[in-house]
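> Going down the list, the sequences are from chains A and B. Numbering-wise (this note's numbering), the first sequence opens with residue 1 and increments by one. Numbering-wise (this note's numbering), the second sequence opens with residue 1 and increments by one.
Hint data in this document are derived by calculation from the structure and do not stem from the laboratory. The structure presented is a predicted model; accordingly, all values stated were derived computationally and were not measured. Every residue, glycine too, gets a C-beta built ideally from N, C-alpha and C. One thing to keep in mind: the hints can contain errors.
[Unchecked claim] Each pair of labels, with its calculated beta carbon distance range:
| # | chain 1 | residue 1 | chain 2 | residue 2 | range |
| --- | --- | --- | --- | --- | --- |
| 1 | A | T272 | B | L63 | 51 to 61 Å |
| 2 | B | F72 | A | A51 | 50 to 60 Å |
| 3 | A | E42 | B | R110 | 48 to 58 Å |
| 4 | A | L12 | B | Q147 | 21 to 31 Å |
| 5 | B | F85 | A | A6 | 12 to 22 Å |
| 6 | A | L12 | B | F85 | 25 to 35 Å |
| 7 | B | L203 | A | A51 | 25 to 35 Å |
| 8 | B | A112 | A | F96 | 29 to 39 Å |
| 9 | B | F72 | A | D177 | 34 to 44 Å |
| 10 | A | G186 | B | A174 | 35 to 45 Å |
| 11 | B | G187 | A | D177 | 47 to 57 Å |
| 12 | B | L31 | A | I229 | 48 to 58 Å |
| 13 | A | H123 | B | A66 | 18 to 28 Å |
| 14 | B | G187 | A | V8 | 40 to 50 Å |
[Stated by the list, open to error] Pulled a few chain B residues facing chain A out of the computed Cβ check, cut under 8 Å:
| # | residue |
| --- | --- |
| 15 | L38 |
| 16 | V42 |
| 17 | L46 |
| 18 | V47 |
| 19 | T102 |
| 20 | A103 |
| 21 | F111 |
| 22 | V126 |
| 23 | M161 |
| 24 | L239 |
| 25 | H246 |
| 26 | F247 |
| 27 | V248 |
| 28 | T250 |
[What the hints assert, rightly or not] A few chain A positions that, by computed beta-carbon distances, are all more than 10 Å from chain B:
| # | residue |
| --- | --- |
| 29 | V34 |
| 30 | R41 |
| 31 | E48 |
| 32 | W50 |
| 33 | F54 |
| 34 | V107 |
| 35 | F114 |
| 36 | G137 |
| 37 | N184 |
| 38 | G186 |
| 39 | R194 |
| 40 | R224 |
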Amino acid sequence: MRARLAIVLLVLPGAGFIFLFLAVALTITALQSVGVLGFGREPGFTWEFWAALFDRQFLDSFLFSAKVGTGSAFGTLLLAYPLALFLRRRRAGGRFIGSVVKIPLFVPALVAAFLILNAMAFHGVINGVLLGLGLIGQPLLMMNDKFGWGVLAIQVWKKLPFQLLILASVLATIRTDIEDAARNLGAGPWQVLRHIILPLSMPGILIAVVLVFIMTFGDFAITRIAGPIYPTSLAVLMHTKALTLSEWNLAACIGMVIMVASLAFVGVYARTARLLQGTAP
Amino acid sequence: MTALALPRPAGGLPRLSLRVFLAALAAILLLLWTGVPLLMAVLWSLVDPDKPWSYPDFLPPSLSLAQWQYVFTYSSIGRAVATSFTIAPLATLLAFVLSLPTAYALGRYRFAGKETLKLLILLPIVMPGMVIALFLSRAFDMLGLSQSLFGLVLGHTLLGMPFMLRILATAFEAIPQDLIDAARNLGAGWPALVRRVLVPMVLPGLFAGAIFTFIASLEEFNLTFVIGTPTFETIPTVLFGYLGYHFVRTNAAVVSIILMVPSIVLLFIAERYLKTEYLSSAFGKL
Numbered sequence: 001m002r003a004r005l006a007i008v009l010l011v012l013p014g015a016g017f018i019f020l021f022l023a024v025a026l027t028i029t030a031l032q033s034v035g036v037l038g039f040g041r042e043p044g045f046t047w048e049f050w051a052a053l054f055d056r057q058f059l060d061s062f063l064f065s066a067k068v069g070t071g072s073a074f075g076t077l078l079l080a081y082p083l084a085l086f087l088r089r090r091r092a093g094g095r096f097i098g099s100v101v102k103i104p105l106f107v108p109a110l111v112a113a114f115l116i117l118n119a120m121a122f123h124g125v126i127n128g129v130l131l132g133l134g135l136i137g138q139p140l141l142m143m144n145d146k147f148g149w150g151v152l153a154i155q156v157w158k159k160l161p162f163q164l165l166i167l168a169s170v171l172a173t174i175r176t177d178i179e180d181a182a183r184n185l186g187a188g189p190w191q192v193l194r195h196i197i198l199p200l201s202m203p204g205i206l207i208a209v210v211l212v213f214i215m216t217f218g219d220f221a222i223t224r225i226a227g228p229i230y231p232t233s234l235a236v237l238m239h240t241k242a243l244t245l246s247e248w249n250l251a252a253c254i255g256m257v258i259m260v261a262s263l264a265f266v267g268v269y270a271r272t273a274r275l276l277q278g279t280a281p
Numbered sequence: 001m002t003a004l005a006l007p008r009p010a011g012g013l014p015r016l017s018l019r020v021f022l023a024a025l026a027a028i029l030l031l032l033w034t035g036v037p038l039l040m041a042v043l044w045s046l047v048d049p050d051k052p053w054s055y056p057d058f059l060p061p062s063l064s065l066a067q068w069q070y071v072f073t074y075s076s077i078g079r080a081v082a083t084s085f086t087i088a089p090l091a092t093l094l095a096f097v098l099s100l101p102t103a104y105a106l107g108r109y110r111f112a113g114k115e116t117l118k119l120l121i122l123l124p125i126v127m128p129g130m131v132i133a134l135f136l137s138r139a140f141d142m143l144g145l146s147q148s149l150f151g152l153v154l155g156h157t158l159l160g161m162p163f164m165l166r167i168l169a170t171a172f173e174a175i176p177q178d179l180i181d182a183a184r185n186l187g188a189g190w191p192a193l194v195r196r197v198l199v200p201m202v203l204p205g206l207f208a209g210a211i212f213t214f215i216a217s218l219e220e221f222n223l224t225f226v227i228g229t230p231t232f233e234t235i236p237t238v239l240f241g242y243l244g245y246h247f248v249r250t251n252a253a254v255v256s257i258i259l260m261v262p263s264i265v266l267l268f269i270a271e272r273y274l275k276t277e278y279l280s281s282a283f284g285k286l
């Protein structure tokens, strides 16, 4: 009993600090979304904000955030997975490639936004090279574009080493004898990849995808900088509603949506992971 | 060696050189992928205002430090650097003081719910930053912590704490129990144990945790933007002002370099001198 009390007291300062602040933020969001906590209006429970939430602008923002989230998660994976496979086998220059590719991890997100915008800008190096090669007649508009290519490019550049770290650590746990055995039994490189490496690295792929989705789905700064004027991401919409329009209750509803959607995605992940574990040989 | 190399299948040599070629190609592409954006930032920060750099010039016609002078003379970057480097050490110190007992418990004791707790600790870095920032700001407003240095330090501590906690816990965990038992057997009391065994063994982890917390604070944007501006500006909030629809390229280049260099140097040190476990525990191996 005394030992347990001691552990609780030890855990309290660090964990307590975190949970106190998060609980305060979450409670305020939840209470404001149903009007119990009101600033500038008579407090009282009501669903009216939730009813008013689902307008055209909100839906467009939701779809935009979902698009950027999934696009960044799978777009990064498309580059990170082959790269992780490539770096798995020891080869000449592997260490060098490994450390070069890690650099964006050390670059702050806002700086990454600048670096990529600078390259993609109207008078940027990408347009310069394309023009110089005669591939395009006039510079392409790639930032603040309607689709959000600018945002996607920044996110993929920044998140690539992050996913690579996760994937590399999972690939490293796959023993090479399994692969060698399969090769011995006549499997070609593609068959080994499809039937052995891909299934065994699936947990890592899932974590990599889920983490990048959550990080980009709720993003404010990069969408605000490089995204289109309309639609914006949910976080940008929430910020505008709260601080520009002083519609704090609606902003709280959007905040709840962002958190619930992220949690739901984690739930889907946990479920898939369990299913995968169940079917693994 | 030669005897082993002889029975190489026909066509082995071209395939080998194809592999080398592919590796070289990958290396070059990746070098361009990370190197070109960085190089462009450096070049743009050195553009001479009298001789503008525009298409079709591949490189700026002349370089000067005028942009750096301009930014330091006419913008609030000097104050922002001072603010950033005031908040970061304070937040790191507070995170360390609060984390020490918790990390010790997480690293050295076994108790129910420990693994769940280790996951929940990561919430501040996984949860959407702007949601936390906006609604924490309501509480900060009520308590009079908004637009105050103390409030910013508290906020930055919250967002850096997961790194400090996880890395310190890993460091405590890595101390072999035998070592502690041996020290006690040989008659070491608690003070000697702490000074001779725990501190030296944990110091690298503490160092790594401090670096990550410090960097998290330097780079923090959402919370500072909501509860700090306009009273306090940090390097990221200044940079944010130069990006977006009012894209001021040369200024943004200068501020980007100011923000990026400390992070890269510190993380390079962390990577060079510390075990890689710290890196993976910091990035939340789930």
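> All hints are to be evaluated individually against the structure, with a verdict given for each.
How the hints compare with the structure:
1. Separated by about 53 Å at the C-beta atoms, T272(A) and L63(B) satisfy the suggested range of 51 to 61 Å.
2. Under the hint 50 to 60 Å, the C-beta atoms of F72(B) and A51(A), about 52 Å apart, fit the expected range.
3. At about 52 Å, the CB distance of E42(A) to R110(B) agrees with the hint of 48 to 58 Å.
4. Checked against the hint of 21 to 31 Å, the C-beta distance between L12(A) and Q147(B) comes to roughly 29 Å, which is consistent with it.
5. Taken as a hint, the range 12 to 22 Å is violated for the pair F85(B) and A6(A), whose Cβ atoms sit roughly 37 Å apart.
6. A beta carbon spacing of about 30 Å between L12(A) and F85(B) agrees with the range 25 to 35 Å that was offered as a hint.
7. Restraint check, L203(B) to A51(A): a C-beta distance of roughly 57 Å breaks the suggested window 25 to 35 Å.
8. The beta-carbon spacing between A112(B) and F96(A), approximately 46 Å, falls outside the hinted interval of 29 to 39 Å.
9. The supplied range of 34 to 44 Å is broken by F72(B) and D177(A), whose beta-carbon atoms lie about 60 Å from each other.
10. A C-beta distance of roughly 44 Å is found between G186(A) and A174(B), which places it inside the suggested range of 35 to 45 Å.
11. For the pair G187(B) and D177(A), the supplied restraint of 47 to 57 Å holds, since their beta-carbon distance comes to about 49 Å.
12. Checked against the hint of 48 to 58 Å, the C-beta distance between L31(B) and I229(A) comes to roughly 35 Å, which is inconsistent with it.
13. At about 19 Å, the beta-carbon gap between H123(A) and A66(B) stays in the expected band of 18 to 28 Å.
14. Look at G187(B) against V8(A): about 31 Å separates their beta carbons, and that is not inside 40 to 50 Å.
15. Interface restraint check: L38(B) against chain A, minimum CB-CB distance 7 Å, threshold 8 Å, status holds.
16. Because the beta carbon of V42(B) sits about 10 Å from the nearest beta carbon in chain A, more than 8 Å, this interface hint is broken.
17. The restraint placing L46(B) at the interface with chain A is violated, with a minimum CB-CB distance near 13 Å, outside the 8 Å limit.
18. Proximity of V47(B) to chain A is violated relative to the hint, the smallest CB-CB distance being about 12 Å (cut-off 8 Å).
19. Here the hint on T102(B) is kept, as its CB sits about 3 Å from the closest CB of chain A, short of 8 Å.
20. Nearest Cβ of chain A to the Cβ of A103(B): about 7 Å, under the 8 Å cut. The hint holds.
21. Taking 8 Å as the C-beta cut-off, the interface hint given for F111(B) holds, the closest approach to chain A being about 5 Å.
22. Of the supplied interface hints, the one on V126(B) holds, with its beta-carbon coming within about 6 Å of a beta-carbon of chain A, less than 8 Å.
23. Annotation: interface hint on M161(B) holds; nearest CB of chain A at approximately 6 Å, less than 8 Å.
24. Checking L239(B) against chain A by beta carbon gives a least distance of about 5 Å; that is within 8 Å, so the hint holds.
25. Contact between H246(B) and chain A, as hinted, is not supported at the beta carbon level, the nearest pair being about 10 Å apart and thus beyond 8 Å.
26. Using the Cβ-Cβ criterion of 8 Å, the hint placing F247(B) at the interface with chain A is satisfied: the shortest such distance is roughly 7 Å.
27. The closest approach between the C-beta of V248(B) and any C-beta of chain A is roughly 11 Å, which is over the 8 Å cut-off, so the hint fails.
28. With its C-beta approaching chain A no nearer than about 10 Å, T250(B) sits outside the 8 Å limit, and its interface hint is violated.
29. Separation of V34(A) from chain B is adequate, the least Cβ-Cβ distance of about 14 Å exceeding the 10 Å criterion.
30. The beta carbon of R41(A) is kept farther than 10 Å from every beta carbon of chain B, the shortest such distance being approximately 14 Å.
31. For E48(A), the requirement that its beta carbon stay farther than 10 Å from each beta carbon of chain B is met, with the minimum near 19 Å.
32. Listed as outside the interface, W50(A) is consistent with that label: its C-beta sits roughly 16 Å from the nearest C-beta of chain B, beyond the 10 Å cut-off.
33. Listed as outside the interface, F54(A) is consistent with that label: its C-beta sits roughly 19 Å from the nearest C-beta of chain B, beyond the 10 Å cut-off.
34. Residue-level check failed: V107(A) sits 6 Å from the nearest beta carbon of chain B, not beyond 10 Å.
35. Its beta-carbon lying about 5 Å from the closest one in chain B, F114(A) breaks the requirement of being farther than 10 Å from that chain.
36. The beta carbon of G137(A) sits about 13 Å from the closest Cβ of chain B, which is more than 10 Å, so the claim that it is off the interface holds.
37. Against chain B, the non-interface label of N184(A) holds: every CB pair exceeds 10 Å, the least being about 16 Å.
38. For G186(A), the condition that its CB be more than 10 Å from all CB atoms of chain B holds, with the nearest at approximately 16 Å.
39. Its beta-carbon lying about 21 Å from the closest one in chain B, R194(A) satisfies the requirement of being farther than 10 Å from that chain.
40. A beta-carbon of chain B comes within 10 Å of the beta-carbon of R224(A); the shortest separation is about 6 Å.
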